Amino acid sequence: MEPMIKTYDIPSEERTSNTTDFFVDDINNINSVGLLEIVKTDGSVDGCTASVIRTNNGNIAITAAHCIFDYYLQTWNTNLYFFPGYNNNVPGRVGKVYAYKSFIWGDFRQDVTRFDYGFIKFYYPEGRKLQDDTGAFDYDLVIPQGNVPTTVFGYPHDNSGGFVNCPKDGQHLCLWQGDSFDFPSTLPNYEWYRGINVDVGYGSSGGPWLRNYDPNTNAGNVMGISHGILYEPYPDTSTASWAWHQDDFANLLQYAENSQ
Numbered sequence: 001m002e003p004m005i006k007t008y009d010i011p012s013e014e015r016t017s018n019t020t021d022f023f024v025d026d027i028n029n030i031n032s033v034g035l036l037e038i039v040k041t042d043g044s045v046d047g048c049t050a051s052v053i054r055t056n057n058g059n060i061a062i063t064a065a066h067c068i069f070d071y072y073l074q075t076w077n078t079n080l081y082f083f084p085g086y087n088n089n090v091p092g093r094v095g096k097v098y099a100y101k102s103f104i105w106g107d108f109r110q111d112v113t114r115f116d117y118g119f120i121k122f123y124y125p126e127g128r129k130l131q132d133d134t135g136a137f138d139y140d141l142v143i144p145q146g147n148v149p150t151t152v153f154g155y156p157h158d159n160s161g162g163f164v165n166c167p168k169d170g171q172h173l174c175l176w177q178g179d180s181f182d183f184p185s186t187l188p189n190y191e192w193y194r195g196i197n198v199d200v201g202y203g204s205s206g207g208p209w210l211r212n213y214d215p216n217t218n219a220g221n222v223m224g225i226s227h228g229i230l231y232e233p234y235p236d237t238s239t240a241s242w243a244w245h246q247d248d249f250a251n252l253l254q255y256a257e258n259s260q
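Just so it is clear: in the sequence shown, position 224 is 224 by full-length UniProt numbering, and no numbers are missing.
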């Protein structure tokens, strides 16, 4: 497989112009999850979810590949803006962060349900790391099997999906907790995916699936990200995540970290 890379041409004077000088000192705020604003090629704006993961670079988030690359138009989205900690129509403490580069596997272009994850590297003030100001999740290279207690975050909009006790207006961070699971072996390519028994709705794509989530410290391991509903014969009530392979995930992340 070959990685694909997109560089966003943001004027140097704008790259950190909307980033605040605040350093996060309260780990009980969920700043490692954020709203991802997507500017499409026609100028329209859409939304996804992304989360900061712990890396040596310190300025990298994970989201769905289809939030980065428009599969149906077969082109990159024009710009990505990240709002870590966004909630209740209020940006988080670090403000608006501009994407510098995005990375996906080229095989995603052939099938929107495969390899649906990618990494975003951000512009951030020199001498600082985004993860130091927001916190960051660890990640699983080897995806657990069987039923695993899982916490899922997202920003559903248009009153879509099955999150409960949360306004599904794209402005609020919603949470679901339950077991993620392996799909039955009777389904085609069942080993490629994991599922959860909720439709996370539009806007939650790319949201993290966390194992061992601790609400007191907001720590946990990303073991998947929300893709959406798979085609029949998969159930239309279950959100899926691509069950990445260890080497694929590690190689794409290393490529992102090493890219200048």
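Keep in mind that a hint or two might mislead.
Here are the simulated BS3-like cross-link-like pairs (lysine-lysine), alpha carbons at most 27 Å apart as the crow flies [claimed, not checked]:
(1) K96 / K129
(2) K6 / K96
(3) K40 / K101
(4) K129 / K101
Treat the hints as calculated values from the structure; they're not laboratory data. Computed from a prediction, not measured in an experiment: that's the story for all the values here.
Verification of the supplied hints:
Of the pairs offered as hints, the one joining K96 and K129 holds, with about 14 Å between alpha carbons and a cut-off of 27 Å not exceeded. Between K6 and K96, the direct Cα distance comes to roughly 19 Å. Compliance with the 27 Å bound is thereby established for this hinted pair. For the hint pairing K40 with K101, the CA-to-CA distance comes to about 16 Å; that is within 27 Å, so the pair holds. Note on K129 and K101: the hinted pairing holds, with a Cα-Cα distance of about 16 Å set against a maximum of 27 Å.
In this structure, every one of the numbered hints holds.
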